[in-house]
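Undergrad: The lines below spell out each chain.
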Amino acid sequence: MPVLTTPVGLLLSLQLAAAPPAPPPPAPGPTPAPAGEGAVSDLAAEAPMPAWEPEGGSSAHKSTEDITVVNKKIRNAARGTIAGGAVAIFGIAAGAAGMVMFYVPRKQLGDLRDKNDGMLPPDDPKRQRAITTMRVAPIVAYTGLGIFVTGVVTALIAGRRFKKLREEKRTSVAFSPVPMYRGAGFNAEVRF
Amino acid sequence: MRPVACILFIALGACDLSEELEGELCEVEQDCWHKQECARTEAERQADLPGVCSDKGTGCTPGQQLGCVCDPNDGSMDCSYSISPLGEEYPAMMCEPTQLVCVIATPDASTEG
Chain H
1 MPVLTTPVGL
11 LLSLQLAAAP
21 PAPPPPAPGP
31 TPAPAGEGAV
41 SDLAAEAPMP
51 AWEPEGGSSA
61 HKSTEDITVV
71 NKKIRNAARG
81 TIAGGAVAIF
91 GIAAGAAGMV
101 MFYVPRKQLG
111 DLRDKNDGML
121 PPDDPKRQRA
131 ITTMRVAPIV
141 AYTGLGIFVT
151 GVVTALIAGR
161 RFKKLREEKR
171 TSVAFSPVPM
181 YRGAGFNAEV
191 RF
Chain B
1 MRPVACILFI
11 ALGACDLSEE
21 LEGELCEVEQ
31 DCWHKQECAR
41 TEAERQADLP
51 GVCSDKGTGC
61 TPGQQLGCVC
71 DPNDGSMDCS
81 YSISPLGEEY
91 PAMMCEPTQL
101 VCVIATPDAS
111 TEG
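Protein chains in written order, with this note's numbering: chain H, 1 to 192; chain B, 1 to 113.
Be a bit skeptical, because a hint or two may be false.
No farther apart than 25 Å at their CA atoms in a straight line, the calculated lysine-lysine pairs in the DSS-like style are these [claimed, not checked]:
1. B/K56 with B/K35
2. H/K72 with H/K164
3. B/K56 with H/K169
4. H/K107 with B/K35
5. H/K126 with H/K107
6. H/K163 with H/K73
7. H/K163 with H/K72
8. H/K169 with H/K73
9. B/K35 with H/K126
These aren't lab readings, by the way, just hints derived from the structure by calculation.
Work out the full structure: start from the sequences and follow the hints.
TA: Quick look at the structure:
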């Protein structure tokens, strides 16, 4: 049967050659898949964006400054707090010294009077020193009180600023569900 | 109690040593409170006697300090006693009738009086 196979093969070849070319692939038209993606995109656009929930309250995370600048401000605020506290301590010490100065001169004069038969000796250095101390006492006391108040106010202001800046710097995390193609995702945003 | 009151009333300026120093012996202004003066007459200075602390502007106490004015007809101003806390150490005085100032009493004048 080799005689028959040759013409059959030839005919098959000719038939294939004469056959019209395969139709081109259909032009891209609306496909079902893009319709589904469009729905997902709309959902994504409508998805709520979670607001930041800062640790330090609503006032936190307003700053967009460089972290080094923020750190410098925090250091300055800390120094201000410490300095204010030190000034307040100095002021209260000065105020206490002024209060002591009210008491000491009277006692010195009393001792002098006792030693001199109930009379204060005239032109006596101790007597004059006691009088001078008594005159200086209110100046020292009020100056100390003023320094104390100044120190306390400085420490309070700087301390509040320090706390606020530190809270702004703290890390915050926001979580939110995100609709995705064929499912949903979970979005986490971390701010340092 | 007074220091406490002193602290409480310092704002009113009520705290000072004027009460303690009132009538105390003095030789210079620094011996008295700054609202007072050392009332010391020239006669006392010459006799090497101390003055007394008194309110500013008061001057010497009439009839009770050596060299100060006196009134022989007024018992409180006739130089019969001194305001000085020296007491008996302060010399006895008499009111000089012509000049009307307290002077050191002389034995003759004392016996006459």
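Undergrad: Could you run down the list of hints and mark each one as holding or not?
TA: Tested hints:
Annotation: proposed proximity of B/K56 to B/K35 holds, straight-line Cα distance about 6 Å (limit 25 Å). Between H/K72 and H/K164 the CA atoms are separated by roughly 14 Å; this keeps the pair inside 25 Å, and the hint holds. Note on B/K56 and H/K169: the hinted pairing is violated, with a Cα-Cα distance of about 66 Å set against a maximum of 25 Å. With a CA separation close to 21 Å, the supplied pair H/K107 and B/K35 stays within the 25 Å bound.
Proposed proximity of H/K126 and H/K107 is supported: the alpha carbons are some 12 Å apart, at most 25 Å. For the hint pairing H/K163 with H/K73, the CA-to-CA distance comes to about 11 Å; that is within 25 Å, so the pair holds. Of the pairs offered as hints, the one joining H/K163 and H/K72 holds, with about 14 Å between alpha carbons and a cut-off of 25 Å not exceeded. In summary, the hint linking H/K169 to H/K73 is supported, as the alpha carbons are separated by about 11 Å, within the 25 Å threshold.
At roughly 19 Å between alpha-carbon atoms, B/K35 and H/K126 fall within 25 Å of each other, so this suggested pair holds.
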